[in-house]
Amino acid sequence: RKATEWIIRCCQEKTPLLFIQSSPGYMVGSESEHMGIGKYGADMVRAVSCAQVPKIQLVIGPDNGAANYGMCGRAYKPHFLFATMRARTSVMSGRSAAEVLLSIEERKRAAKGQPMTEGEKEAFRQKMIEKYDGEAHPFFCGARLLNDRVLKFKEIRDWLAFAFEVSLLKPIGEPAFGNLRF
Numbered sequence: 035r036k037a038t039e040w041i042i043r044c045c046q047e048k049t050p051l052l053f054i055q056s057s058p059g060y061m062v063g064s065e066s067e068h069m070g071i072g073k074y075g076a077d078m079v080r081a082v083s084c085a086q087v088p089k090i091q092l093v094i095g096p097d098n099g100a101a102n103y104g105m106c107g108r109a110y111k112p113h114f115l116f117a118t119m120r121a122r123t124s125v126m127s128g129r130s131a132a133e134v135l136l137s138i139e140e141r142k143r144a145a146k147g148q149p150m151t152e153g154e155k156e157a158f159r160q161k162m163i164e165k166y167d168g169e170a171h172p173f174f175c176g177a178r179l180l181n182d183r184v185l186k187f188k189e190i191r192d193w194l195a196f197a198f199e200v201s202l203l204k205p206i207g208e209p210a211f212g213n214l215r216f
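Numbered according to our numbering, the sequence shown spans residues 35 to 216.
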């Protein structure tokens, strides 16, 4: 909720937004749901998508799942999206994806009457971890235009200054959030 209010305030004052992303994803489970992660997460996504000020995302660590959207991922058209070599952008981490896909594969094979051996399970798990972790690499993402540049840590300040300077050349529109209920 605080992040949503901050985004709205920045938009009202026409202050550019910098999203420094290092989040393995939003919390899941009934406890998080009772605390309002669905509502507050949706409010934040709405605020980010409606923001008219320049938006720049810098990914410095894991960038998985819905947290990517909440923190102005490529789908929300940030003016610039930079990554460091430590960045990893994916739907979910390799380990999480491997466990989910393994359970699906086990059920499929069991339905056919061909249960997986422990060796097959481990091979499948390792294959999925390598696939998902490889596709999360910043060079893989950059080749698919999911980031604008992979930065060395010593370059970050200069590139952010350049990005803000360029993005402020375009006129900033008025905020258009509609009625948010907190």
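Simulated from the structure, these hints should not be mistaken for laboratory data.
A couple of the hints might just be wrong.
Label pairs and their in silico Cβ distance ranges [claimed, not checked]: (1) Arg-183 - Glu-156: 35 to 41 Å; (2) Thr-49 - Lys-73: 22 to 28 Å; (3) Phe-196 - Glu-133: 56 to 62 Å; (4) Leu-203 - Pro-58: 32 to 38 Å; (5) Phe-174 - Ser-83: 43 to 49 Å; (6) Arg-178 - Gln-148: 31 to 37 Å; (7) Pro-58 - Glu-156: 19 to 25 Å; (8) Ala-210 - Gly-147: 54 to 60 Å; (9) Ala-157 - Arg-35: 43 to 49 Å; (10) Lys-111 - Ala-144: 40 to 46 Å; (11) Ala-144 - Phe-196: 51 to 57 Å; (12) Ala-37 - Lys-111: 14 to 20 Å; (13) Arg-35 - Lys-165: 33 to 39 Å; (14) Ala-37 - Gln-160: 35 to 41 Å.
Below are the DMTMM-like pairs computed for lysine to aspartate or glutamate, each with C-alpha atoms no more than 20 Å apart in a straight line [as the list claims (entries may be wrong)]: (15) Lys-155 - Asp-167; (16) Lys-161 - Asp-182; (17) Lys-161 - Glu-133; (18) Lys-36 - Glu-47; (19) Lys-73 - Glu-39; (20) Lys-111 - Glu-208; (21) Lys-161 - Glu-139; (22) Lys-204 - Glu-189; (23) Lys-146 - Glu-47; (24) Lys-188 - Glu-199; (25) Lys-204 - Glu-47; (26) Lys-111 - Asp-167; (27) Lys-165 - Glu-154.
Cβ coordinates follow ideal geometry from the N, Cα and C atoms, glycine included.
Cross-check of the supplied hints:
no.	hint	in the structure
1	Arg-183 - Glu-156: 35 to 41 Å	holds, 37 Å
2	Thr-49 - Lys-73: 22 to 28 Å	holds, 25 Å
3	Phe-196 - Glu-133: 56 to 62 Å	violated, 41 Å
4	Leu-203 - Pro-58: 32 to 38 Å	holds, 35 Å
5	Phe-174 - Ser-83: 43 to 49 Å	violated, 26 Å
6	Arg-178 - Gln-148: 31 to 37 Å	holds, 35 Å
7	Pro-58 - Glu-156: 19 to 25 Å	holds, 23 Å
8	Ala-210 - Gly-147: 54 to 60 Å	holds, 57 Å
9	Ala-157 - Arg-35: 43 to 49 Å	holds, 45 Å
10	Lys-111 - Ala-144: 40 to 46 Å	holds, 44 Å
11	Ala-144 - Phe-196: 51 to 57 Å	holds, 55 Å
12	Ala-37 - Lys-111: 14 to 20 Å	holds, 19 Å
13	Arg-35 - Lys-165: 33 to 39 Å	holds, 36 Å
14	Ala-37 - Gln-160: 35 to 41 Å	holds, 37 Å
15	Lys-155 - Asp-167	holds, 18 Å
16	Lys-161 - Asp-182	violated, 28 Å
17	Lys-161 - Glu-133	holds, 11 Å
18	Lys-36 - Glu-47	holds, 16 Å
19	Lys-73 - Glu-39	holds, 14 Å
20	Lys-111 - Glu-208	holds, 17 Å
21	Lys-161 - Glu-139	holds, 13 Å
22	Lys-204 - Glu-189	violated, 24 Å
23	Lys-146 - Glu-47	violated, 61 Å
24	Lys-188 - Glu-199	holds, 19 Å
25	Lys-204 - Glu-47	holds, 16 Å
26	Lys-111 - Asp-167	violated, 24 Å
27	Lys-165 - Glu-154	holds, 16 Å
Hints 3, 5, 16, 22, 23 and 26 from the earlier list are contradicted by this structure; the remaining hints agree with it.
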